[in-house]
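A.B. asks: Sequence order for the protein chains is H and E.
Counting from 1, one number per residue, gives the positions in the first sequence under the working numbering.
Counting from 1001, one number per residue, gives the positions in the second sequence under the working numbering.
Derived by calculation from the structure, the hints in this document are not laboratory data.
Fair warning: this is a prediction, and the values are worked out from it, not measured in the lab.
Possibly wrong hints are sitting among the right ones.
Below, in silico cross-link-like pairs of lysine-lysine (BS3-like), each with a Cα-Cα straight-line distance of 25 angstroms or less [unchecked claim]:
| id | chain 1 | residue 1 | chain 2 | residue 2 |
| --- | --- | --- | --- | --- |
| 1 | E | K1176 | E | K1239 |
| 2 | H | K40 | H | K184 |
| 3 | E | K1002 | H | K194 |
| 4 | E | K1002 | H | K184 |
| 5 | H | K40 | H | K52 |
| 6 | H | K194 | H | K184 |
| 7 | H | K40 | E | K1171 |
| 8 | E | K1002 | E | K1420 |
| 9 | E | K1173 | E | K1239 |
Ranges of calculated distance between the beta carbons of each label pair, as one might list FRET restraints [to be verified]:
| id | chain 1 | residue 1 | chain 2 | residue 2 | range |
| --- | --- | --- | --- | --- | --- |
| 10 | H | E64 | E | T1146 | 51 to 57 angstroms |
| 11 | H | F97 | E | P1287 | 55 to 61 angstroms |
| 12 | E | V1247 | H | M1 | 39 to 45 angstroms |
| 13 | E | M1022 | H | W225 | 38 to 44 angstroms |
| 14 | H | L189 | E | E1275 | 52 to 58 angstroms |
| 15 | H | G50 | E | I1011 | 40 to 46 angstroms |
Virtual Cβ for every residue (Gly too), placed ideally from N, Cα, C.
Here is how the chains run, residue by residue.
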Amino acid sequence: MNLLILGANSDVAFALARQFAETEHADLWLASRDVGMLEKKARDITVRYGVKTHTCFFDAQNHESHQAFYGDLNPRPDGVIITFGHLGDQPAAQKDFGEALRIFETNFIGAASILEVIAADFERRGHGLIIGISSVAGERGRQSNYLYGAAKGAFTIYLSGLRNRLSRRGVTVMTVLPGFIRTKMTETLDLPEKLTASPEEVAIDIYRAYRNKKDIVYTRWFWRWIMLVIRLIPETIFKRLRL
Amino acid sequence: MKLSGWGRYPIVNAQSMSFEAMEELPEILSQTGEFIVHAMGRSYGDSALNRQVIATRRYNKLIGFDPQNGMVTCESGVTLAELIDIFLPRGWFLSVTPGTKLISVGGAVAGDVHGKNHHTAGCFSSCVESFELMIADGRVLSCSRTENRELFLATCGGMGLTGIILTVRLKLKPVKSAYIRETIVRCRNLEEVFGAFQQHRSTTYSVAWIDCLAKGPHMGRSILMLGENADTGRRRLPKARRMSIPVDFPGSCLNRYTIRLFNELYYRSHPSYVENRLVPLEPFFYPLDQIANWNRMYGRGGFTQYQLVLPLNASFEGLTEILTRIAETGLGSFLAVLKLFGPENDNYLSFPMEGYTLALDFKIEKRLFPFLDELDRIVLCHGGRLYLTKDVRMQPEIFQQGYPRHQRFAALRARYGLGKFNSLQSKRLGV
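Use the sequences and the hints to build the structure in full.
C.D. replies: So, in structure tokens, the structure goes:
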């Protein structure tokens, strides 16, 4: 397998890269904005698992570059994982629409832009794997992070549409809905210890779901039930909650 | 966030800052207050605790490996477990490993940890070729036995008080299999186990479980476990069975009666002699790693491990006195370990010295600390010392008398301006 990981500098991406290198002996394309850090990670994976690794520059917000970026990859990947995201600062984004735009562009528009390019290629080749890391935050809007939630919700719907389009073309599309993860993105937040997973646990969940050909996976598993309850709360009550 | 060592006592509210590249560190260090590195949190006491800690869990990349000589270069957050997973199938194993593999390389250097082969291979630092150290002003110094030698000697065993250990070069040893040839000798008392340790001095690995509650003629009865790396057997580890302790046990589960019962059964469950049986390396070196969260057995109040070493000529007399006191009070544990150390190294604060070391777990309770103070005096009287990686309650005088090079250590810290690196332990001991 030749696996492309976009946003490969995130902690979840690195755990996934190691997971696929170890168990699938996947050769890796690691792409993100900080190529210096990527090279360290690539070397780590090569020393550990003896797979081939390449690094390249990728900017999710720069849509014009996406076609050329994908065209330059040689060999072409037969799997892609979208891991980039931008949590942003909700209160700041309420005052400054520029920040809101960054949240939308990174989490949704950038992801859709590159995936359209890749989906077209996979569709033509008649095989491929697409894994998109969305978020449980996209399941229902909450005052504490509805801008991020809206972008991730849009991404979840996008992935479901893409799956519908490609399912009969031999291309697998998987949606990952993680809850809290202990990463650099959430380092400053005070997360509930018992509900918070490590990037390695999330990577194992995602890998298992891929092996079991799941369409949608919540990670950790209990988020499926937590979100079920949250979705079932009537809006008249939900709007009064401090969430 | 709430943070504690492996003993789960004390628990402190700490702000944890992680980093992935060393370029992020100077900004963290420029903030006010003190820092100590906290990696896997496996030191028992308060040596990796403070209000602000620097987490190395994301600083965990391998940088290089030379299959010619087994030299690994890695960042300090890499764990020993990862090194074993990656390199054992290729025929390489740690030259020195403590009783858990769930510690970071940086932690192994900072504690200058030892293992079952201390008498033949020394401490962890003996397989460390060099490392890079970031000191308080953000400078990065390369340290080895020839370059910045003093910093090297102070950092190995220096409990993270000399700076942040960045990348480490360490040498693995070649092995033919993932198995150990184990010999077990049951010893009826302290005299017998001392004799057996002496007799097997050339055996690579040796450690004894000791019944710390046995009295009179049985005092010091032990199970001595000896091992050599096997020449046969696969290089891949068999899949280990893993258990977990899901909740805190009530503290009262462990008392003198249950422990005495366990010790009796454990002693009797071993035949008096077994020679050269083939066992996988994992249960031999890391028996407790197979039980996740085993520290919960000691209840919500936590526990401490008391590890002492006595010089060889005073060992028998001192240990007799200590074991007698423990058996009298009935405070004790089923995890008690005895081992004969080899010669001491040059590091300023390394724990091992030639002689016998005894490690005991104690549940934290009201009468424990006065009792340990009493044991401290016996240890000091016989010229021994306590292990900083385990300690949570030692008084400054005990530290100063046990570690004669502590002044040199403090002077070096002053010279390099390392006062920013402090743990709750270093403040308690006035390091």
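A.B. asks: Which of the listed hints are broken here?
C.D. replies: none
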